[in-house]
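Enquirer: The chain contents come next:
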Amino acid sequence: MKIAVCIKQVPDTANVKLDPETHTLKREGVESIVNPFDLFALEAALRIKEAAGGEIVAITMGPPQAETVIKEAIGYGVDEGLLLSDRAFAGADTWATTAALAKAIEGLGEVDLVICGKQAVDGDTAQVGPGIAQRLGLPHVAFVKGFREIDDKHLVVERQMDDGYDVVDLPLPALMTVVREVGEPRPPSLKGKMRAKKYTVPMQGAVELGLDESQVGLAGSFTQVVKVFAPSHSGDRRMLEGSDEQMGAEVIDALVDTQVIMVGS
Amino acid sequence: MDYFFTEEQEMIRDLCRQIAEERIKPVRAELDEKEEFPSEIMKALAQADLFQIIIPEEYGGLGGGCLENCIAVEELSRACCGVSTSYAASFLGAYPMLLFGNEAQKEKYLPLIGSGEKLCAFALTESASGSDAASIQTEAKKDGDSYVLNGSKQWITNGGEAGVYTVIAITDRNKGARGATAFIVEADDPGFSIGKKEVKMGIRASATSELIFKDCRIPADRVLGKEGLGFVVAMRTFDKSRPGVGAQAVGVAQGALDEAAAFARVRKQFGKPIITFQAVAHMLADMAVDIEAARALVYAVARYVDSGAKDFSKVSAIAKVFPTDMAMRVTTNAVQVLGGHGYMREYPVEKMMRDAKILQIYEGTNQIQRNVIGQELNKEYGRKK
Ligand SMILES: Cc1cc2nc3c(=O)[nH]c(=O)nc-3n(C[C@H](O)[C@H](O)[C@H](O)COP(=O)(O)OP(=O)(O)OC[C@H]3O[C@@H](n4cnc5c(N)ncnc54)[C@H](O)[C@@H]3O)c2cc1C
Ligand SMILES: Cc1cc2nc3c(=O)[nH]c(=O)nc-3n(C[C@H](O)[C@H](O)[C@H](O)COP(=O)(O)OP(=O)(O)OC[C@H]3O[C@@H](n4cnc5c(N)ncnc54)[C@H](O)[C@@H]3O)c2cc1C
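Chains as they are written, first to last, in our numbering: chain S, 1 to 265; chain E, 1 to 385.
Derived by calculation from the structure, the hints in this document are not laboratory data.
Check each hint, because a few of them may be wrong.
Stated by the list, open to error - Listed next, the in silico DSSO-like pairs over lysine-lysine satisfying Cα-Cα at most 30 angstroms (straight line):
1. E:LYS108 to S:LYS191
2. E:LYS25 to S:LYS191
3. S:LYS2 to E:LYS25
4. E:LYS43 to S:LYS197
5. E:LYS108 to S:LYS49
6. E:LYS43 to S:LYS49
7. E:LYS43 to E:LYS197
8. E:LYS106 to S:LYS191
9. S:LYS145 to E:LYS25
Note that the structure is predicted; figures quoted are calculated from it, not measured.
Starting from the given sequences, assemble the full structure and let the hints guide the process.
Expert: Below is the structure:
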């Protein structure tokens with residue numbers, strides 16, 4: 001079975017500081033780590049490989065220094081890595097990110113399974129996994145928390161829901177995103193770490209992926225972050241008193257007055 | 001202090017430290033309390049290739065030596081000696097195969113041990129023979145293409161958990177010390193079973209059990225080296241493994257100092273942190289002196305062993321005696337620094353003190369080590385006339 005795992009380099013949020021003026025992350029001097037959810041994706045891939053055999057390729061899109069997350073993945077025991085890096089990729093939204101990742105996965109040949117983390121701890125959209133599936137025309141299951149059956153034709157997975165879980169029979173090829181419950185990431189291995197030291201991470205840019213500059217990065221994005229700010233909570237506050245009915249009615253009046261809601265047609 | 005490790009040795013240290021912090025420390029008290037074997041941790045160590053470190057590269061290992069073993073064992077012991085004993089005992093069982101195994105035996109067993117698929121164990125001690133190993137009673141009789149083992153072994157680390165055992169048994173009672181032979185026994189060999197699991201003072205996460213051989217029939221090609229070499233196999237194995245016990249001692253003592261120093265900085269009496277009282281600071285200072293001296297000794301002897309030296313019985317014994325006596329002192333004083341807190345199971349130092357005690361006993365008591373050192377001195381000074 002050939003498995004592609006998408007891993008993202010993110011700032012170590014445990015140590016990240018906010019600039020009190022601009023409310024943006026202070027990225028300078030902040031260590032980069034593998035997105036924690038993607039460690040679960042790697043663990044899932046390694047377990048599936050143990051059960052069904054095959055090969056694992058870890059892919060990341062990011063600046064050149066994102067090569068360290070690929071090396072880390074090699075340390076955990078993945079077979080190959082791929083770094084997608086290009087000036088043209090800068091400012092990509094989830095749409096443009098999936099464009100590059102999907103092309104790269106296509107380029108790997110017959111991939112049976114794509115695994116992503118549940119979400120990235122910086123971007124937090126949880127859109128990239130399903131977005132890749134859509135572009136590749138693959139069925140996908142998000143929030144996988146466990147496996148019941150694994151073979152090279154299909155997987156039976158448990159999908160986490162708010163009120164329990166679903167059991168889904170997933171024919172391959174397919175994509176899934178995984179949550180923490182899928183299994184505690186194993187420690188890296190000595191042989192893996194030694195291999196990682198010597199491993200040259202292959203790199204591809206827009207040209208190698210066969211993508212036009214208009215399809216990637218800021219140019220290929222529908223959304224743009226204009227400003228990052230902490231919503232201000234200041235404003236008028238009014239304390240209401242009286243019975244529940246009275247206060248409820250007053251709240252509705254206030255919301256209608258300020259045109260937060262509209263009543264009637 | 002920089003001991004000028006290679007990149008590979010640093011990787012071993014860092015990885016063991018990571019596993020110790022993430023996997024061992026959070027569960028050590030519970031494993032101790034429940035006297036539970038750390039199967040999950042053994043699996044993590046296997047996945048991290050840590051059982052590969054002394055296995056030669058031809059058999060899929062990393063080809064490390066005594067020093068690599070010491071580095072790993074020290075870091076694991078800093079968190080829990082019960083775990084490090086279970087880990088190190090697998091190498092104790094594997095050394096005889098490394099040192100005396102033939103090609104077929106190495107090919108069959110070393111990859112299994114290196115991958116961690118099977119734990120290994122070493123069985124010499126019996127109920128009536130501890131220090132006096134030559135008095136063992138378990139016997140192996142040749143019968144056609146097989147040997148038939150009868151008897152029992154006592155206090156065998158990893159007994160019941162291991163898949164492969166190196167067992168020393170008597171093949172010829174008339175030959176005295178040349179009458180013993182080392183065998184490889186597999187857990188599912190007919191007539192082999194596990195007896196009582198001991199209840200212990202310390203290293204309670206490790207399994208210490210009785211092995212029972214009742215007409216246990218094994219193929220003749222399981223002999224290590226050749227008939228009559230049993231005690232040579234055992235002695236050569238201990239020569240290699242003793243610095244590892246010294247490394248356990250350095251690790252557990254360091255763990256105790258870590259706790260004691262941190263505690264002494266925050267515990268206030270008479271309005272001041274207790275570390276500001278000279279009596280306490282000096283106790284901590286003596287611990288640090290002891291530990292660094294022992295560490296330097298262990299690494300130096302391990303490097304000497306790895307250099308291909310032949311005559312290392314004496315220094316190997318020295319690298320066990322000094323660090324393990326040191327660890328007993330240091331862990332006892334760590335309890336003292338913590339006072340009543342140190343005596344409580346809620347804090348890890350009382351466990352460290354209980355754990356440290358075994359290091360002065362197993363793999364040859366410290367009295368026996370001194371006998372070895374004394375005999376060597378006698379020989380050396382006899383020659384020097
Ligand atoms: C400084 C900054 C500026 C940004 N600017 C914009 C912008 O202008 N417009 C906009 O729309 N968004 C912007 N983003 C968000 C950015 O586009 C997203 O981080 C990115 O598209 C991935 O989405 P996500 O982080 O929500 O990932 P999610 O969808 O939450 O991630 C889910 C999974 O997808 C995989 N994955 C995600 N990203 C990658 C990757 N790069 N490589 C490999 N696998 C991956 C991982 O497996 C991950 O667990 C910005 C983010 C930052 C930090
Ligand atoms: C937790 C644990 C794990 C163990 N694991 C293993 C294992 O995996 N494999 C294995 O084969 N064995 C194992 N042993 C056995 C261990 O090696 C023996 O306990 C040790 O060699 C001492 O033997 P003994 O306990 O019978 O003590 P004894 O030999 O009865 O000694 C009792 C006391 O007398 C002293 N003494 C004895 N003879 C002399 C002498 N000639 N000169 C001076 N003092 C002497 C000793 O130093 C000791 O203080 C283990 C023991 C324990 C407790």
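Enquirer: Could you run down the list of hints and mark each one as holding or not?
Expert: Tested hints:
1. Distance hint between LYS108 of chain E and LYS191 of chain S is fulfilled; the C-alpha atoms sit about 21 angstroms from each other, no more than 30 angstroms.
2. Between the alpha carbons of LYS25 of chain E and LYS191 of chain S the distance comes to roughly 24 angstroms, so the proposed pair stays at or under 30 angstroms and holds.
3. In summary, the hint linking LYS2 of chain S to LYS25 of chain E is not supported, as the alpha carbons are separated by about 36 angstroms, beyond the 30 angstroms threshold.
4. At roughly 24 angstroms between alpha-carbon atoms, LYS43 of chain E and LYS197 of chain S fall within 30 angstroms of each other, so this suggested pair holds.
5. Taking the CA atoms of LYS108 of chain E and LYS49 of chain S, the gap is about 25 angstroms. The hint holds against a cut of 30 angstroms.
6. The hinted pair formed by LYS43 of chain E and LYS49 of chain S meets the criterion: a straight-line CA distance of about 17 angstroms does not exceed 30 angstroms.
7. Between the alpha carbons of LYS43 of chain E and LYS197 of chain E the distance comes to roughly 22 angstroms, so the proposed pair stays at or under 30 angstroms and holds.
8. Distance check on the hinted pair: LYS106 of chain E and LYS191 of chain S sit about 20 angstroms apart at the alpha-carbon level, within 30 angstroms; holds.
9. With a C-alpha separation of about 26 angstroms, the suggested pair LYS145 of chain S and LYS25 of chain E falls inside the 30 angstroms cut-off, and the hint holds.
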